[in-house]
Amino acid sequence: MTTVEGAAAEGAVGRAVPAKRPLATRLAARTGGGALRVFLVLVALFWLMPTVGLLLSSLRSPQQIAESGWWQVFARPAGITFDNYGRLLENEKVMGSLLTTAAITVPATVLVVVIGSLAGYAFAWMDFPGRDGWFMVVVGLLVVPVQVALIPVAKLFGAVGLFETTAGVILFHTAFGLPFAVFLLRNFFAEIPRELLEAARLDGAGELRLFTRVVMPLGGPAIASLGIFQFLWVWNDMLIALIFADSGSPPVTVALQQEVRQFGNNIDVLAPGAFVSMVVPLIVFFAFQRQFVSGVMAGAVK
Amino acid sequence: MSDAEAVARHHRAGRRGKRAGRGVTGTRRWVAAVFLLPALVLLGALVVYPIVFSVYRSLFDASGDGFVGLGNYGAMFSDDAIRTALRNNVIWVVVAPTVSTALGLIFAVLTERIRWGTAFKLVVFMPMAISMLAAGIIFRLVYDQAPERGVANAVWVSVHDTFAEPAPFPGAKPRPNSGLRPSGGGAFTTKSAVRAGASGSSASSGPSGSSADLPLVAVRQSDVRDAKPAAVAQPQPGKITGTAWLDFTRGGGGRPKVIDGNEKALAGLTVEAVKGGAVVASATTAADGTYALPADKADGARLRLPAANFAEAYHGVDWLGPALVTPAIIGSYVWMWAGFAMVLIAAGLAAVPRELLEAARVDGAGEWQVFRRITVPLLAPVLVVVLVTLMINVLKIFDLVYIIAPGSSLRSANVLALQLFQSSFGTDVDEGLGSAIAVFLLLLVLPVMYVNLRRIRKERAR
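If you read the sequences in order, they're chains A and B. Under the numbering used here, the first residue of the first sequence is numbered 1199, with each subsequent residue one higher. Under the numbering used here, the first residue of the second sequence is numbered 164, with each subsequent residue one higher.
Don't take every hint at face value.
Claimed, not checked - Anything over 12 Å on all C-beta distances counts as not near chain B; from chain A, calculated:
#1 Ser-1259
#2 Arg-1274
#3 Ile-1278
#4 Leu-1297
#5 Ile-1313
#6 Pro-1350
#7 Ala-1379
#8 Phe-1409
What the hints assert, rightly or not - SDA-like, lysine to any residue: derived pairs with alpha carbons at most 20 Å apart:
#9 Lys-1353/A <-> Tyr-219/B
#10 Lys-1353/A <-> Asp-224/B
#11 Lys-1291/A <-> Val-211/B
#12 Lys-1353/A <-> Lys-402/B
#13 Lys-621/B <-> Gly-1338/A
#14 Lys-1353/A <-> Arg-467/B
#15 Lys-1353/A <-> Gly-207/B
#16 Lys-621/B <-> Asp-1330/A
#17 Lys-402/B <-> Arg-467/B
#18 Lys-1353/A <-> Ser-587/B
#19 Lys-1353/A <-> Asp-591/B
#20 Lys-1353/A <-> Lys-621/B
#21 Lys-1353/A <-> Val-211/B
#22 Lys-1291/A <-> Gly-1446/A
Said to hold, decoys possible - Label pairs and their computed distance ranges (CB to CB):
#23 Val-257/B <-> Pro-1391/A: 31 to 37 Å
#24 Gly-414/B <-> Leu-1246/A: 51 to 57 Å
#25 Val-257/B <-> Pro-1327/A: 52 to 58 Å
Keep in mind the hints are simulated off the structure, nothing from the lab. Every residue gets a Cβ at the ideal spot worked out from N, C-alpha and C, and that includes glycine.
Bound-form chain B, shown alone (with noise of 0.2 Å):
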């Protein structure tokens, strides 16, 4: 509690009295009695009670009249939901306040010489002052699966674009009994390996059988619009040929495994052969969808379509997806918190003695050098505040949870806080389990508790 009575200290600046008192001459204790009611009453009904009750409770099955014993805090580490829970709390305690305290470290020790650091300041600190509910809303929108709502899909689209080509044929499939089969990660093979010499449907007439050819279907109508009808491919000398196209005519009528009619070219696609499981050479389908391999590297090689040319358009990161969704979270409540842990390092850095920075300066030492020798060090019990403080409140982390995950992933989500409102309020009641749950919260406090009550027992001996 330090910092409370950093503030509390700020506040009486300039006014030391005698030290408190031993009374104001003659109080009558019922007078103090009436004081104090109000404030104890309240206390000891709705917060010294309550914990009592708890851990009574904790010992008790879902229904209450059956005593378990410490039963269920075992059951608290056997049951899926709730270790799932655990790992996670551990998660946030160890990541969200270090890296708060790390940006408000940051941006504490950079805004200080800046003119408008306190315009800064005032943009990182705001966020404190909304409800988690609507961080919640905010960052449920940042995080949005679409691209064209979530922002950081947006950004993330964008830039994976420019990198990587979109596949030029989504979703599209061999004709059924072409010859060609999957072949494991969304890849087609054919079945027999293609030898030099032959070459697609040479007679355009009859149907080929070539595992050169390459017919494929489910080609979605926009990805062809522009293509230009499918060519049948020519034999040529140490080549091996073969043609991809659309093996469906609109309106009917073409016939299976053979290029007919204005059956459309596939054009940009990837064809490789493959020899004992190595690709051997590989070829792009041309504008009339024919291509040509080398035959003396890929004779006897089969054919494989690769599944990047089959992949579905890129939609980004699933950021509220199972695997993701707890360090998302986390970012939103460092977006929340780095204010505060700025804001108390900002303080502290306003009392380290100004002469003992210059000095090292002066002494030739570089910022950076000041900053890992000088600063942080007399920063350290500031830092150790902050660090503390966010850690008793990223134990009870809740809200955010409960607004930002999507319903299917609330599991994978599940903070210790969110599974004992489940367990006491939600749909699988066990008052038993969520009292344990309870006071297991009220046991990873109770070292500060302890702190705090040796550290004004001290302070009283003074």
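Same shape as in the complex, but just chain A (with noise of 0.2 Å):
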């Protein structure tokens, strides 16, 4: 209690300063603060080594990177070189696997945002038997790990021709998608005033006019985040990916797995290709930081 005691000491020397707060946690947080200002700086920094890391090398030459450290790079400045991406754009494999990537996570994305939706609403709006039966199954499913599914999938996908198809896994990343996607926006759509739908109603429309021109637009927000979330889920895949996708034309994390086996000799090749691959998450990442928060919040269930 030594502080209590000291704390009010001072508390009567400095009576003459109008004291809000204990001069000694003022006191505390003036000196500190400096310290603590110092500390976090470090964390911070300590937490971009790794990233800054990788992309330095990603601009060393092959021989620079065999004969000394990414860090030699403030020693010498004049050494950057971008010749690896010049060489990346080259290669057909890696460039070919992000258009796959780009064809399996724009289509993964609509399709869990748009079946997402008509669930959701049918939840949120709809009378039907077993409504709250349906739903509950549906919250159930929220926690499934995929690896329940990826040898009975894998086999049905084999028995429908889907197997190492990137419809394949357009369709596994839409299932596994859908759980948190049906239970986020059923919520979300069940705030919809019903006085708004009922005028929409009266007013002539349709349920898939109402769904398209009120639900929908009035939703923007849970589905922006939706959207967001299951983007990056997808496009940052690898498991997935290595089972289902087409081994001839596979996804970037696929080639770029691939490339790690001979880790050592190719950081000339994996370094910029790892951030040609994070370059998509991070442009999204910063410019939807908000959303990407509340998805992340949301989804990391999964």
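Hey, can you piece these two chains together into the complex? The hints should help.
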């Protein structure tokens, strides 16, 4: 309790100053504030360092990479080169894999948003037998690990000719994105004021028109969070792509994963490759921070 | 799922309508069915059916024909690779969420009153946006064994070398038949004891055979480039003297065990006199390779060249070796997910009533007390959500392990999701076993599923 007594004593001494907080606390905040700031700056640098290391490695020639660490760049900044990126742009395998990734991610995101909105709207505003029961089933599926589905879906896709196809990967991602999508959107749609929907209905809008003109626009924020979360989830996925994607033209995660096997000799390919694969997620991250945060906060249970 | 609800609630703030519907004015049932159909078909075919199939398949052997009951589950717990995976998963589930949450809590509290706190949060949260593959490549480089490539070892080696002198002659060995024998751990000890009054090659000609002389070979050229020629140790009263030298003449011509020509001295070598297992005296060789031990202590002792003379240059820690690979990968996970914990906790912190904290401070509570007694208890629900979310996430950890662990330590880094992948699609395919692992993973998350459902039901009842 010495701190408390000390604070009281100093408070008595410093009575002249209008003290809202005990002087000791304010003193600690003053002096400790500097140390705290230094500490936080160090932590931030520490957190940035691994990424910066890869970035700087991607800007060095294979010979430099073999001879010395990326931190030597600070000693001789002249050594920076964009040759690795130039060669990567000519690397058809990696560039093609980026297209494959986009061809998987965009449809998988759109499908989850559309199908999830339809079901979310039905659960929120339509009357049908067993509605709550069905919704509970969907909520129950929220935490099902994708691992459970790998073998059965591989067999199923094999039987219908979807194994190792882009369509198969899209369907898998859509299905596993749906429980969260339905859950989030149903809760959001349910808060749309009833009067709004009834007014539209009175104006003669049909169910589909109600959905596209009223519900979807009002659901904007939730749909944005969901869409961004699903987009990043699919873009960054490796496991499902590893199993279900066409090994002839794999998405970027799989293409780079194959390179990792020779780690050490090919950092000049891996480092810029990893960076190129990160560009889209990072743009999305910086452009849609708020939506991303709410999406990640809500969806990390997956 | 209270986090998901929190988000949903956040979105709908200020727009509370009447309770969600008993259906808007007469929807036809077939319309509802059409709206639901795509979702239910996909969920049924790709989520529900697989669960049923996995449970069923896990009861059959690798070929799928023989019914083995719970045999695959039994095999899970007797198979060495899977036992390693289970043990690692326990380490993962205990350590990774705890460390991430603790760091997240610290960061959230510390940045709360800093003006550029948002920038800090952005930096720590950024890794969440990138793929585990990219994070894996990033950390594969950080943990690289070579100190000139991996930053972790670069730092470690430079710290180590400031405190510990590197060995003078890594890899050096005694000349065969010189009387020095390996005595364990990389040290060498003379066969016979040294006697006071005796000295090394007192007669410069003729093979000495004296146990006080220490002829070595296999010294790296670079270690003796600037060395002086070895000198014959002169007898000194009350001392036992000898010489350590590189018993090898370049271009040939030298005689073994004799200091001849311009054979190089080995300076800086530690020589110990050992009696009955204890070191009674020690000396270091001079620039000309000679050393002197006090005869009163060293008489009758054997001479030992401790291993520290010959230790290979320090190459740092084998981060991705079998012993450290799991903690190292957990480190990379914490790097990715501490930001997640921080952001959720910061959101919870913003909801803590300011007045409560201020009141405690006015009452004279120190910052630590405020943190321990008020902030943490108020944040407890958020902390639980974060911990549980991370635990579920960690159970299924796959990418980071698959990418960061080099082939040689993949077995030591094994986790359930990786084993499942190997058992289902890898080299040693056993779908029965793979399905059993999948079902086991599902069983582990069932309690969370139950809690989710109960909470929803409660909210419905309100």
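So, going through the hints one by one against the coordinates:
Chain B leaves Ser-1259/A outside its interface by the beta-carbon criterion, the shortest separation being 14 Å against a cut-off of 12 Å. With a minimum CB-CB distance of about 15 Å to chain B, Arg-1274/A clears the 12 Å threshold, and the non-interface call stands. For Ile-1278/A, the shortest C-beta to C-beta distance to chain B comes to about 17 Å, beyond the 12 Å cut-off, and the non-interface label holds. Its beta-carbon lying about 17 Å from the closest one in chain B, Leu-1297/A satisfies the requirement of being farther than 12 Å from that chain.
Once the 12 Å rule is applied to beta carbons, Ile-1313/A is inconsistent with being away from chain B; the minimum gap is 5 Å. Annotated as non-interface, Pro-1350/A brings its C-beta within 12 Å of a C-beta of chain B; the closest such distance is 4 Å. For Ala-1379/A, the shortest C-beta to C-beta distance to chain B comes to about 8 Å, within the 12 Å cut-off, and the non-interface label is violated. At roughly 8 Å, the least C-beta separation between Phe-1409/A and chain B is not larger than 12 Å, which violates its mark as non-interface.
Our distance criterion of 20 Å between C-alpha atoms is met by Lys-1353/A and Tyr-219/B, whose separation comes to about 14 Å. A hinted pair counts as satisfied when its Cα atoms are at most 20 Å apart, and Lys-1353/A with Asp-224/B qualifies at roughly 16 Å. For a cut-off of 20 Å, the pair hint linking Lys-1291/A to Val-211/B is broken: about 36 Å separates their Cα positions. Pair hint Lys-1353/A plus Lys-402/B does not hold up; C-alpha atoms about 83 Å apart against a cutoff of 20 Å.
Restraint check for Lys-621/B and Gly-1338/A: the C-alpha separation of about 15 Å stays at or below 20 Å, so the hint holds. This hinted pair does not check out: Lys-1353/A and Arg-467/B have alpha carbons roughly 67 Å apart, beyond 20 Å. Note on Lys-1353/A and Gly-207/B: the hinted pairing holds, with a Cα-Cα distance of about 15 Å set against a maximum of 20 Å. Between Lys-621/B and Asp-1330/A, the direct Cα distance comes to roughly 12 Å. Compliance with the 20 Å bound is thereby established for this hinted pair.
Restraint check: the Cα-Cα separation between Lys-402/B and Arg-467/B comes to about 17 Å, which is no more than 20 Å; the hinted pair holds. Among the hinted pairs, Lys-1353/A with Ser-587/B is consistent with the structure: their alpha-carbon atoms are about 11 Å apart, no more than 20 Å. This hinted pair checks out: Lys-1353/A and Asp-591/B have alpha carbons roughly 18 Å apart, not beyond 20 Å. Only pairs whose Cα atoms come within 20 Å are accepted, and Lys-1353/A paired with Lys-621/B is rejected, the gap being roughly 39 Å.
For a cut-off of 20 Å, the pair hint linking Lys-1353/A to Val-211/B stands: about 15 Å separates their Cα positions. Note on Lys-1291/A and Gly-1446/A: the hinted pairing holds, with a Cα-Cα distance of about 10 Å set against a maximum of 20 Å. Roughly 47 Å separates the CB atoms of Val-257/B and Pro-1391/A, a value that falls outside the hinted 31 to 37 Å. Taken as a hint, the range 51 to 57 Å holds for the pair Gly-414/B and Leu-1246/A, whose Cβ atoms sit roughly 56 Å apart.
Distance hint for Val-257/B and Pro-1327/A: a CB-CB separation of about 45 Å, inconsistent with the stated range 52 to 58 Å.
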